[in-house]
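*Asks:* Next come the chains, spelled out residue by residue.
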Amino acid sequence: MVGSQSNSNPARIPALGFRALALIVLSILLMWLDHREHHLDAVRRAVGVAVYPVQIVVDSPARVWSWLRDLSASKNQLQLENSRLRTEALITRGRMQELAALKAENDRLRDMLDAREQVRGEVRVAGIMAVDANPYRHNIVLDVGTREGVYDGQAIVDASGVVGQVIKTGLTTSQAILISDPDHALPVVVNRNGLRTVAFGTGEYNRLSLPFLANNADIETGDLLVTSGLGGAFPSGYPVAVVESVTRLPQEPFAEVSATPAAALDQVREVMLIWTRQQDDGTGNE
Amino acid sequence: MSNARASRQLPVLITLLIAFMLMITPMPAVAEPFRPDWLALVLMFWAMTVPRSYSVGIAWLIGIFLDVAQGTLLGQHALALCVIVYITVKFHLLMRVFPLSQLTATVFALLALYQFLLFWINGVAGVTAPIIDYWGPVVAGTIVWPFLSTVLSGLRYRVQTGG
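Protein sequence lines, in the order shown, are assigned to chains A and B. Taking the working numbering, I'd label the letters of the first sequence as residues 1 to 286. Taking the working numbering, I'd label the letters of the second sequence as residues 287 to 449.
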């Protein structure tokens, strides 16, 4: 019977209160260090190495599932998709030639105006682990880390637009914050007229808010917002969002503007990491 | 002798590992706020039944692992788990003889305390979260508790008697 076990005597549990108090104090110390000074990043990375296998196990059903799906795709399906992708690649390459010419012209014009040259760095594709990160924030876990040259603050985009920024790096994985997180702010510029403002996350995947536009600011529904490059985190020119609604109340100093992110933030599976040239240490692929 | 003891602890460690994995398994965004705090529940159960082996130290350590996996402040979940496991161990004799309804109510209170500590720390650190993120896991965890404790009870006899 259960009650006859000797481990049920509370007096036998040594120094319970003392141990608990010591651990609580230690926790507070750790949290303070982690929050203020990021001294504990090395500790976090070390523990992350132990956590990584568990994350792999949790991620594996999703990977196995998509591998099985790929395996069972019929030859016909694959051929159709193949030819569709070829056409898409051809069109993209054609457009890129035009862009190369535009970039060259842009560089010449900037040179004439003595403006600083825009840096275009290396990029690398990374996968998102099907692992849930912090439940209070819009975070994702990437399957690359410092081993691949990933650094804190690195910009992440996908095919449609800006996705977010790396906030924590481990050896083999990293955590990134999405632009839809309420604590994220992104300097943007309106593509149409060059108006600069900041886009904030709202906690909803499909809405960003631009709270600092005056009532008479030149902004309209349908305007494309791109990164302005200010703040150094994101290179300029990447699509961020499309303005979805502009509400101007006469008594308010600022208009209420919300925008829909260009990237489907709750559905991203693969992203591109961007190295700006100052950070490039040669480990990024092209 | 120590081999037998180790094999007795293995089922518990496996349950803790599974609870950990359940905490980081992705869920659809709609269901996310209603994820029970599996680790808190499992640790409370083992602290109640085998407090000599599973007490504040293990809870704290697992909390650290959870902090690293979820990217929360290092020590946040560790502190919260440590506190509720401390309370569970302190009153484990009393809790063991509670009828299931009373025990479930106690679990509800402990889960609410757990979330309160997490939210308090979040508040100090400047992280905001909607209120459903607080009560969702508490309610879900309370509902899950009777079934979970039944499942784990089956393992309990193996662990304590070695049979």
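Calculated directly from the structure, the hints in this document are not laboratory data. Careful, some of the hints might be misleading.
Ranges between beta-carbon positions, derived for each pair [unchecked claim]:
no., chain 1, residue 1, chain 2, residue 2, range
1, A, 231, B, 379, 52 to 60 Å
2, B, 406, A, 76, 56 to 64 Å
3, A, 123, B, 406, 51 to 59 Å
4, B, 295, A, 56, 17 to 25 Å
5, B, 296, A, 49, 46 to 54 Å
6, B, 295, A, 76, 29 to 37 Å
7, B, 421, A, 80, 27 to 35 Å
Residues from chain A that keep clear of chain B, each with C-beta distances beyond 10 Å, as calculated [claimed, not checked]:
no., residue
8, 34
9, 71
10, 93
11, 98
12, 109
13, 113
14, 230
15, 276
All C-beta atoms in this analysis are idealised placements derived from N, C-alpha and C, irrespective of residue type, glycine included.
*Asks:* For every hint, state whether the structure bears it out.
*Replies:* Consistency of the hints with the structure:
1. 231/A to 379/B: 52 to 60 Å: holds (58 Å)
2. 406/B to 76/A: 56 to 64 Å: holds (58 Å)
3. 123/A to 406/B: 51 to 59 Å: The hinted range 51 to 59 Å is violated for residue 123/A and residue 406/B, with Cβ atoms some 41 Å apart.
4. 295/B to 56/A: 17 to 25 Å: The hint (17 to 25 Å, Cβ to Cβ) holds, given that residue 295/B and residue 56/A are roughly 24 Å apart.
5. 296/B to 49/A: 46 to 54 Å: Violated, at about 23 Å.
6. 295/B to 76/A: 29 to 37 Å: Violated, since residue 295/B and residue 76/A (Cβ atoms, about 54 Å apart) do not stay within the stated range.
7. 421/B to 80/A: 27 to 35 Å: The hinted range 27 to 35 Å is violated for residue 421/B and residue 80/A, with Cβ atoms some 49 Å apart.
8. 34: violated (4 Å)
9. 71: holds (23 Å)
10. 93: Answer for residue 93/A: holds, closest chain B Cβ roughly 35 Å.
11. 98: Given a closest Cβ separation of 39 Å, the condition holds.
12. 109: About 43 Å separates residue 109/A from the closest Cβ of chain B, which puts it past 10 Å; holds.
13. 113: holds (41 Å)
14. 230: holds (23 Å)
15. 276: Non-interface label stands for residue 276/A: nearest chain B Cβ at 24 Å, farther than 10 Å.
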